[in-house]
Structures are given as C-alpha cells and as structure tokens.
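Colleague: If you want the building blocks of each chain, they are given just below.
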Amino acid sequence: MDKFLAPGHRACAGCSMPTVINLILDAAGPNTVVATPTGCIEVTTTPYPESAWRVPWIHSLFENAAAVASGIEAAFKHFGKKHNVFVIAGDGSTLDIGMGCISGMFDRGHNVKYVCYDNEAYMNTGVQRSSSTPPCTSTTTTPSGRVSFGNPRPKKDMPAIAVAHKVPYVATASVAYPVDLRRKVKRAISIPGPAYIQVNAPCITGWSFEAGTTVEIARLAVETCLWPLYEYVNGELAGVKKIHVKRPVEDYLKAQGRYRHLFRMKGGEEMIRVLQQMADENARKFGLLYEGDLTCTSGE
Amino acid sequence: MKMMAKEELSLKERMARMKVVEGSYAVANAVKCCSPDVICAYPITPQTHIVEHLSQFVADGELDSEFLTVDSEFSAMSSLVGASAAGARCYSSTSSQGLALMWEVLYNASGMRLPIVMTVANRALSAPLNIWNDQQDSVGARDSGWIQLYAEDVQEAADAIPQAYKIAEDPEILTPVMVCMDGFILTHVYEPVELLSVEEVERFLPPYRPKHILDPENPKTFGAFADPSYFTELRYMQWEAHRRALKKIETVAREFAEQFGRWYGGLIDTYQADDAEVVIVTMGSVIGTIKDCIDEMRSEGLKVGLVKIRSYRPFPTEALRKALKDAEVVAVIEKDVTVGNEGALLTDLKAALYNTPTRIPVIGFPAGLGGRDITVRDIRRVVDKTIAARDTGIESEMEFLGLREDLL
Chain F
1 MDKFLAPGHR
11 ACAGCSMPTV
21 INLILDAAGP
31 NTVVATPTGC
41 IEVTTTPYPE
51 SAWRVPWIHS
61 LFENAAAVAS
71 GIEAAFKHFG
81 KKHNVFVIAG
91 DGSTLDIGMG
101 CISGMFDRGH
111 NVKYVCYDNE
121 AYMNTGVQRS
131 SSTPPCTSTT
141 TTPSGRVSFG
151 NPRPKKDMPA
161 IAVAHKVPYV
171 ATASVAYPVD
181 LRRKVKRAIS
191 IPGPAYIQVN
201 APCITGWSFE
211 AGTTVEIARL
221 AVETCLWPLY
231 EYVNGELAGV
241 KKIHVKRPVE
251 DYLKAQGRYR
261 HLFRMKGGEE
271 MIRVLQQMAD
281 ENARKFGLLY
291 EGDLTCTSGE
Chain S
1001 MKMMAKEELS
1011 LKERMARMKV
1021 VEGSYAVANA
1031 VKCCSPDVIC
1041 AYPITPQTHI
1051 VEHLSQFVAD
1061 GELDSEFLTV
1071 DSEFSAMSSL
1081 VGASAAGARC
1091 YSSTSSQGLA
1101 LMWEVLYNAS
1111 GMRLPIVMTV
1121 ANRALSAPLN
1131 IWNDQQDSVG
1141 ARDSGWIQLY
1151 AEDVQEAADA
1161 IPQAYKIAED
1171 PEILTPVMVC
1181 MDGFILTHVY
1191 EPVELLSVEE
1201 VERFLPPYRP
1211 KHILDPENPK
1221 TFGAFADPSY
1231 FTELRYMQWE
1241 AHRRALKKIE
1251 TVAREFAEQF
1261 GRWYGGLIDT
1271 YQADDAEVVI
1281 VTMGSVIGTI
1291 KDCIDEMRSE
1301 GLKVGLVKIR
1311 SYRPFPTEAL
1321 RKALKDAEVV
1331 AVIEKDVTVG
1341 NEGALLTDLK
1351 AALYNTPTRI
1361 PVIGFPAGLG
1371 GRDITVRDIR
1381 RVVDKTIAAR
1391 DTGIESEMEF
1401 LGLREDLL
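Heads up: the protein sequence lines correspond to chains F and S, in order. This note's numbering numbers the first residue of the first sequence as 1 and each following residue consecutively. This note's numbering numbers the first residue of the second sequence as 1001 and each following residue consecutively.
Among the hints, erroneous ones may be present.
Computed list of lysine-lysine pairs in DSBU-like fashion (alpha-carbon distance at most 30 Å, straight line) [claimed, not checked]:
#1 F/K3 with S/K1220
#2 F/K3 with S/K1012
#3 F/K155 with F/K77
#4 F/K186 with S/K1220
#5 S/K1220 with F/K82
#6 S/K1220 with F/K81
If you're looking for bench data, these hints aren't it; they were derived computationally from the structure.
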C-alpha cells in the first residue's frame, strides 16, 4: 500500500519524523485530516507547489495547530462528517509556544488526536533548547561550556499535564516500537474525545548520532528507562512496556553528540549519575522492570 | 444617492418593524440570520455582548452553530482558520487587545484566502489601559489583508454582516472581512433598528459552497510554504482580490439597498459634498455628529460637506479622487494616530490625491482617542482651522483635537 506521506519529501536522511507520520497514518487510515504547526514537517513536506501529503493537511502557524484542529473538528461535527482529526507537531510547538491552544483544545474536549513527535529541542531553527530538552543536554542555546553541563532544567512532563486536563487517552510511544505506536494510535481513535501521544523521535542533526542508528538510539532511550512507554486511560495508568534488560544510561548518552561533554568534562560522571537516577525513578514509578530482572551494568 | 427597496414599504410599515435594541443585539441578530456554522467567542469589552447574545441564540435553539468558548482571541481566530478550511461559514468578534493578540492569525487567514467575517468593536490599545472607543486597533490592522468596513450607526453595523459574507465568500474575492463599529458608542447604545430576518437574509446571501476544503475524499494541502520564487505572486493575487473587491463592495451595497431599502454608501458615501468647499473625511460613528454640525453650518452659509469612508481596505482611491476633485480644502478626522508620523487615514488620503491635478490643502485631526467625546464644538474648530488653512496657508498639518494643554 502507498504510504500516506509520499516519498520525495525533503527530510534529512535518517530523520525519524517521516516514519512516525507514516506509522500514525497507516494506523489511522485515509479518513484522516492532519493539522501541523510550523516546523520541520511543514518545511520538508510542503514546498509550494509540491506536497508529500496524501491525506488532507493544513498548516497555519507555529503555535496554533491545536486550535486549528479544534475548528476543523467543530466544522466536521456541525456537518455530521466523521473524519479523524489529528495534530502532528514537534515539541517546541507543543510544550512551549502552543501550550495555551493545546490546553484549550483539551479543555473543550474536542475529538482531536494530538501526537507530539518529540525530538527534544527546536530542530528546525537549529537545535535550540525547548522545555522538552532533557537536563544536561547541549543545545545551541544551552551549550555545554567550561562552567555549564548544558540544559540546567528538567524536561517538562507534558503527558502529566494532559492527564491533569482529564484527557481520556494519554500515552508515550517510540519510533523504535512501531507495533506499539500503531496500537496506541488506534486506541486513541477508539476513545472519544481528545488524546495525547508523545513519541520519542530522534533527530540526527540535533542529537548528533551515526547515520543509520536512529531506531537503535530510540530503542536505547526506552531500554535505559529514560523514555518510559506507558498509557493512561481516564487518568489511570493502563499499561506499560516492560523492559527485559535495563541498560545503563551511559549506553544511550555516549551514542549522541549532545551528551559528549558529560564524558569529557570534570564532574560529568556526577551528571550522568543524576540522569541514571531519573531513569531509575521512571523504572520504579511506572513499574518498567519484570520481577527479578537483570539490570545490565556494563556497556553492552 | 438614494436607494429604494423594490418592495417599497411605507414609513409607517417600517416604523412598525423597528425595535429598540442594543447595538450588540442588532449585530448578533444579523450574524444569526447568516447562519454561521462555527462561532468562536472570547470575552473582551466592549465586544462581549455580541457573543453573549449569540450564545443565547444557540442556547435557545434559535441558531444552529458550533459555539466554541475558546481560550484566547488567538485561539478564536486560529480555530476559525481550521473551521473555514473545513468548509464552515465562520464568525467571531473582538476588540483592541483581542485583535492585537490575533495579529499573526489575521495575516494567515487572509493569506490562506479564508472568508471569515469578524466584528471589531473598536477600542483603544494599551498602554495606558483604556477600554473606551477609538479605532487604533483595526486601523493598525489595515495591512493584514482583511477587507475593512466601518459602520456609522447600529443599523449599518448589523446590515454590514450579510454584506460582508457576500463579499468575502465570492470566489473572485475569498478574503476575510472586518466590520468595524465604534465600541460602546455603537455596541452599547439602544436605538431603533430594523432587525434582519433569516428568510430575508437567505434571499440576499447565497449559501457558502467553497471549492477547496479539507476532505479525505479529495485530499488537498493547505498552508504550504512558498519560497521567493512563488511568494510575490501569491501576495499579488491577494492584492488583486482587493482590487476586485472595490467593485464587489459597491455591487453588494446596491443589492442590499435594492432588497432592504437601506443604503450606506458603497466604498464611500457623501453628505452635502456636491458643492462643498470644505470637506471633512472620516469614518465611523462620529459621522452622525458631523452631519448635524454640517446642517447647522450650512444654515449659516458655510459650504461644508462630508465624505464617509466605508471601505478603508481596499482603500477607495478613485472614489475619493472623484469626490474631492472640486473641494477647496479637506480635513481628516480620525480616531487613531501613527506615533512617529500622523493619522493613518490622513497619510492614505494625501497619497491618493498626490498624483492628481487636485492640489488642495489636506490637514488631519486625530480625535476621540481613548473614548474622549468629539463634540459639535470640536467639529466647528476643525472647520475653522481648515478654512484658515485654505485662506492663509497651512499652519500645522496635524492637530490633536481637544488636546488638554493643562495636563501637559
């Protein structure tokens, strides 16, 4: 079957975003309308007069995709049309500049499925920090330096914010787990009302990793428990992806240029320990490990 | 120009149809008669009563619209962008800071050629915070690509709504329209109005059947980005649509007059302007005061007339050139000022006359800022200053009308 995002788009080789989009649309099917904010998706898929989209697609501004989708959904409701309405948006537009519009969309209970592909910084403008950037990450606005380990702040917990809005379906997903992602998209569609899914989506230029390892990097995020896979239904934790062998965070960090400084700077080990504690806390909070499971302590 | 309805009603019949209502109610009723599919509402004084009335119509089952109580004016206009792209007839209203918060979306909606209609209840922009009327808000949005119509009274503000949809939704235009009405002065005043009815408006306004919508049966891309090799042409097409709107606004005003018997001018209207030596150019509710004042001055033998700007965007350059060709001097009264230059309408009007043989003094008066009353005495002062400019030369090109020297 043809992909809903046609080949020939201009995304970087090794970018996870087109894969995420095609997984979403493959699960959602052709009866779907997509709203996207300004960002990598829009600039790589719709250079006028070309478009890679084989479903109806709209881009308005950077911070308003959730509001645009609200309007689309309201119009469809008025006309008695039954189409899936999706937002597919990056983390900058979701967690930062579009936060008000998303809160409004959640609050009004629109039947809009919002998917944030999270590459943890403003990649389209050149890797600036967003509120989704994890601590100790070097970005172009939180660079590591003689007196800095990079981003000093924790990652904003957007799924928790969605749960706090009483969004009936909230989940995290990963490009490395396509079956899980597709299942979650289908589940989101099956539950009326808003849904929020945040997908870990490595960015080859922003994270600086070896070409061809995109999915491996995303899998490491899950296996280290830095990116827990879970879903909330009506405010209750309804499922997690268990980890067979928990990997140390170093395995994930050392594969990426954005954490290179942690292995070179004095005091870097302490920062890695902090990140390990975050992963351990995720494992505990979400129950990611099987009883008696091994935690891998060496690099491999 | 006098336009009479085909089905002419006697004065008595028309009086019987009139109801004393609040300006906001008359506007909300006009919106109801246009049956918008999606309405977005966010409260801001002095616009709020309009959407309150609309929400009551929805609550009472008189209006079948999706009514979104959005989280901001920014969201209001953004949601309408989505709804309009999905094929919905859309409405919102706002004022001042709300319009400012929409700024980014205004350009987007017009660039995407979405025929949204919005009432702007004109109000001053902060700082200092001020909830009262001037027109700085919408005048500041003059470059946003929206058509801007300015209403003189409540009846016009209401009647302009179906006209606005008819203009906006024309496939040759496809451009959003702002209907601007002075906040409080028109939104909160109670006056006798002929209320529109759904049946009448249905005869006037064809249903909205857009050619391009978000439809999975026929997938289309909305809002692609355009690089330098395409951008200019897309902007040019918007500019062309405004050129076509110059004609369309006139046509629609005529059609409205033919059916309803009410005429407010097309792009402009004139009052006692044919033989006027001194012409005042302005827009909005101050026109009523000016007309009264002109009547007084005419009885004293002063040849004063008025040109009312109804369409500020597109700017009625040709109509103004024609209307002012025999004037001896022109005064612009406007409820805005471009800090660092002069009143925006003054600049526009002078520019319109520049490449013509009409070589007359044109002077400007920012007035009524932040809701200060514009009195008959103020208008008299404008006329005195304007006559002096004609007779003894321009002393100052612009004067803040009613400036309180004691506070400076």
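Colleague: With reference to the structure, classify each hint as holding or not holding.
Modeller: Quick rundown of the hints versus the structure:
For the hint linking F/K3 to S/K1220, the alpha-carbon distance of about 16 Å falls within 30 Å, and the restraint holds. Distance hint between F/K3 and S/K1012 is unfulfilled; the C-alpha atoms sit about 68 Å from each other, more than 30 Å. Restraint check for F/K155 and F/K77: the C-alpha separation of about 36 Å exceeds 30 Å, so the hint is violated. Between F/K186 and S/K1220 the alpha-carbon distance is near 24 Å, which keeps this suggested pair within the 30 Å criterion.
For the hint pairing S/K1220 with F/K82, the CA-to-CA distance comes to about 18 Å; that is within 30 Å, so the pair holds. Proximity of S/K1220 to F/K81 is assessed by CA-CA distance (about 17 Å); at most 30 Å being required, the pair is judged to hold.
The structure shown violates the earlier hints numbered 2, 3.
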